[in-house]
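Sequences listed follow chains A and B, in order.
Under numbering that gives the first Met the number 0, the residues of the first sequence are numbered 0 to 365, in order.
Under numbering that gives the first Met the number 0, the residues of the second sequence are numbered 0 to 215, in order.
Simulated from the structure, these hints should not be mistaken for lab results.
C-beta: ideal position from N, C-alpha, C; glycine also.
Each hint should be verified, as a subset may be incorrect.
Listed next, the in silico BS3-like pairs over lysine-lysine satisfying Cα-Cα at most 27 angstroms (straight line) [unchecked claim]:
| no. | chain 1 | residue 1 | chain 2 | residue 2 |
| --- | --- | --- | --- | --- |
| 1 | A | 106 | A | 53 |
| 2 | A | 53 | B | 43 |
| 3 | A | 19 | A | 100 |
| 4 | B | 43 | A | 106 |
| 5 | A | 235 | A | 106 |
| 6 | A | 235 | A | 358 |
Label pairs and their calculated CB-CB ranges [as the list claims (entries may be wrong)]:
| no. | chain 1 | residue 1 | chain 2 | residue 2 | range |
| --- | --- | --- | --- | --- | --- |
| 7 | A | 192 | B | 45 | 36 to 44 angstroms |
| 8 | B | 39 | A | 60 | 22 to 30 angstroms |
| 9 | B | 118 | A | 11 | 23 to 31 angstroms |
| 10 | A | 107 | B | 187 | 38 to 46 angstroms |
| 11 | B | 206 | A | 110 | 48 to 56 angstroms |
| 12 | B | 184 | A | 88 | 38 to 46 angstroms |
| 13 | A | 180 | B | 118 | 29 to 37 angstroms |
| 14 | A | 65 | B | 49 | 40 to 48 angstroms |
| 15 | B | 129 | A | 242 | 51 to 59 angstroms |
| 16 | B | 56 | A | 105 | 35 to 43 angstroms |
Sample of chain A residues facing chain B (criterion: CB under 8 angstroms; computed from the structure) [unchecked claim]:
| no. | residue |
| --- | --- |
| 17 | 65 |
| 18 | 69 |
| 19 | 78 |
| 20 | 82 |
| 21 | 98 |
| 22 | 105 |
| 23 | 266 |
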Amino acid sequence: MSRVELRGLAKSFGPVQAVKDVTLEIPDHAFVTLLGPSGCGKTTTLNMLAGLEKVTRGEILVDGQTITDWAPHERGMAMVFQNYALYPHMDVYGNIAFALKLQKVPKADIDRRVRRVASALEVEKLLQRRISQLSGGQQQRVALARAMVKEPKVFLFDEPLSNLDAALRTRMRIEIKRLHQQLRATSVFVTHDQEEAMILSDYIAVMRDGEVVQYGRADEVYRKPNHIYVGTFIGKPRMSIMEGRLTVDGQTGGMAFSADGVRIAWAGVPGRPAKAMEVDVSLGIRAEDVKILAAGADGDGTMTGEVNLLEPLGSDTYVELANGKVSITARTEPDRGIGLGDKVVVQLARPKLHIFDGKTGARIEP
Amino acid sequence: MLSEPDVAAALRNSVITATLTMVVCLVFGSLAAYTLARLNMPRKNLLLGISVFSRMIPSMVLIIPMFLLMRAASLLDSYAALVIVYSAFLLPYVIWMLKNFFEQVPVALESAARMDGCTRLGALFRVMIPAAGPGVVATAVFAFIGAWNEFLFGLILTTRQVVPITVKISALVSSTFHSDTSLVAATGMLAIIPVVVLVIVLNRYIVRGLVEGVKM
Ligand SMILES: Nc1ncnc2c1ncn2[C@@H]1O[C@H](COP(=O)(O)OP(=O)(O)OP(=O)(O)O)[C@@H](O)[C@H]1O
Ligand SMILES: [Mg+2]
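Please work from the sequences and hints to get the whole structure.
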């Protein structure tokens, strides 16, 4: 239940710059995810926040107070680790009670608090078990209980679900979300799974090579990625990208994209002026924004392609179609009767396009 | 045979010396091993190399200087002399073994302990050492046996008070004109018993320690 600020955080391990410059403002009660591929510095950032790793540069503030040099246990934070990190030489009760014992909480209070979180996480029957006698899911619950019993101001999670099988992962994901809605404690969650990030988070910080590429509300990061890297990292299936040249007519506002013999044109919006430009771009569009039209249809932002892959999911079908080197994935209802090799017309609505600079990858708003 | 007062005393001496050596080795060994296993420190491997390298000097070479050193410190024929010398010789091995066991304890376990309120030192004693339990027990037994079996320094550095059992046995052979073979053999058996008992009792831990290193 605290506001957390990271200011220009950096960390080097000898010559390796694990984290270069991370600045985040995490509002009270927020659930924030650090999302990025392996090795981008998520764990290192989290460890600095926790006090487990000294910062090379930068500041950490909680509720306006600088805590950069505080010891881990003084920060009022609790962490759940990827491999749970339960103490193997203690039973479940001992694991959950450990922090309270170190705080010299009276025995009766410890017992009451341990039993309360144990029952909240449905592990009260396991209290006397050894850690080695627990399943992965049970260990996960105990790890959550151990973090919760401290009643921390901030919860930190380092890929806590990545060791669980798919079904259990989905269940624990919901459980963590529910816990957060109950406790409302500020949470920082590390993952490389964009779906997990979308489902859990209020805010997402997308990281690459020790830097935050975009930080914003989850829906905003999804709908308005500021970089091609963010656009393609978030969303399933992956955003379709077409490399080509984009021309905008300053007078009419009309826009045309051409690549490799493919040409897609959009009419201008009356009354809305546009900046004339002609640039190399990466044009992105998400599968759900690609509309499949009736055969032979024509219109604004249409192109023709040949279906070369069908991915039926039951609820939806993803259709991958190609025209020369340009390839696009579209989402459609399962019973459209589209077959491999069919020629189909798709429409890319202009407001749904993501236009990224061909060289820098940064978002362009024409 | 136990009524032979010297033999009983020698057994007691050996037990005390070996136990103290084991404790000293574990305390200093675990601190050194932890540093080498976990802390960011320049030239860690060089330090470890030097400590193990020190064992390449034959003890024979050191025996006279060690005698002179102990005499100068007025420590001859004392537990302190034996414990210091045995620990000095065993520590490189102990550090090396413990370092490997500690390295197998997941870093996150220690991080968890520090989040829960342990200092680094507290995390070492409350979490790392217990988690590396079987490995630590195996190392302790190794140090105990090493000290128990030592002969050379026991011979040179002791005269009457703290003569260890190994030296006593050989004294039984050489001191009498007609060596009492049965007494020598029986004392030898006796000398083996503590070690065998130790290994049998702790067998479970020793095997686990040697095989898997860390119980998880
Ligand atoms: N103790 C260390 N010593 C040296 N380099 C390190 C250390 N810890 C991390 N690194 C390096 O820093 C970079 C970032 O590591 P970090 O563990 O933060 O990545 P991550 O985003 O958590 O990755 P993953 O998803 O694989 O856990 C990596 O290149 C890693 O090799
Ligand atoms: Mg990580």
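Check: So does residue 180 of chain A sit 29 to 37 angstroms from residue 118 of chain B, Cβ to Cβ?
Finding: holds, 35 angstroms
Notebook entry, point to check: Are residue 235 of chain A and residue 358 of chain A close enough, with their CA atoms no more than 27 angstroms apart?
Noted result: holds, 24 angstroms
Item checked: Status of the given 40 to 48 angstroms range, CB of residue 49 of chain B versus CB of residue 65 of chain A -> Given about 41 angstroms between the Cβ atoms, the range holds.
Item checked: Hint check, residue 82 of chain A versus chain B [nearest Cβ-Cβ separation less than 8 angstroms] -> Because about 6 angstroms separates residue 82 of chain A from the closest Cβ in chain B, which is inside the 8 angstroms limit, the hint holds.
Next item on the list: Below or equal to 27 angstroms on CA atoms is what counts here, so check residue 19 of chain A against residue 100 of chain A.
Entry: Violated - the C-alpha atoms of residue 100 of chain A and residue 19 of chain A are around 38 angstroms apart, more than 27 angstroms.
Check: Should the hint that residue 107 of chain A and residue 187 of chain B are 38 to 46 angstroms apart at their CB atoms be regarded as holding?
Finding: violated, 57 angstroms
Check: Is it true that the CA of residue 53 of chain A sits at most 27 angstroms from the CA of residue 43 of chain B?
Finding: holds, 20 angstroms
Notebook entry, point to check: Okay, residue 206 of chain B versus residue 110 of chain A on CB: inside 48 to 56 angstroms?
Noted result: violated, 37 angstroms
Notebook entry, point to check: Is 23 to 31 angstroms a correct range for the gap between the Cβ atoms of residue 118 of chain B and residue 11 of chain A?
Noted result: At 25 angstroms between Cβs, range holds.
Item checked: residue 106 of chain A paired with residue 53 of chain A [C-alpha distance capped at 27 angstroms] -> Distance of about 34 angstroms is beyond 27 angstroms: violated.
Note to self: Next item in the hint list is residue 105 of chain A. Is there a CB on chain B closer than 8 angstroms to its CB?
What the structure shows: violated, 16 angstroms
Margin query: Less than 8 angstroms between beta-carbons is the criterion; does residue 69 of chain A satisfy it with respect to chain B?
Written below: Given a least distance of 12 angstroms, the restraint on residue 69 of chain A is violated.
The structure fails to meet hints 1, 3, 4, 5, 10, 11, 16, 17, 18, 22, 23 from the earlier list, while all remaining hints are met.
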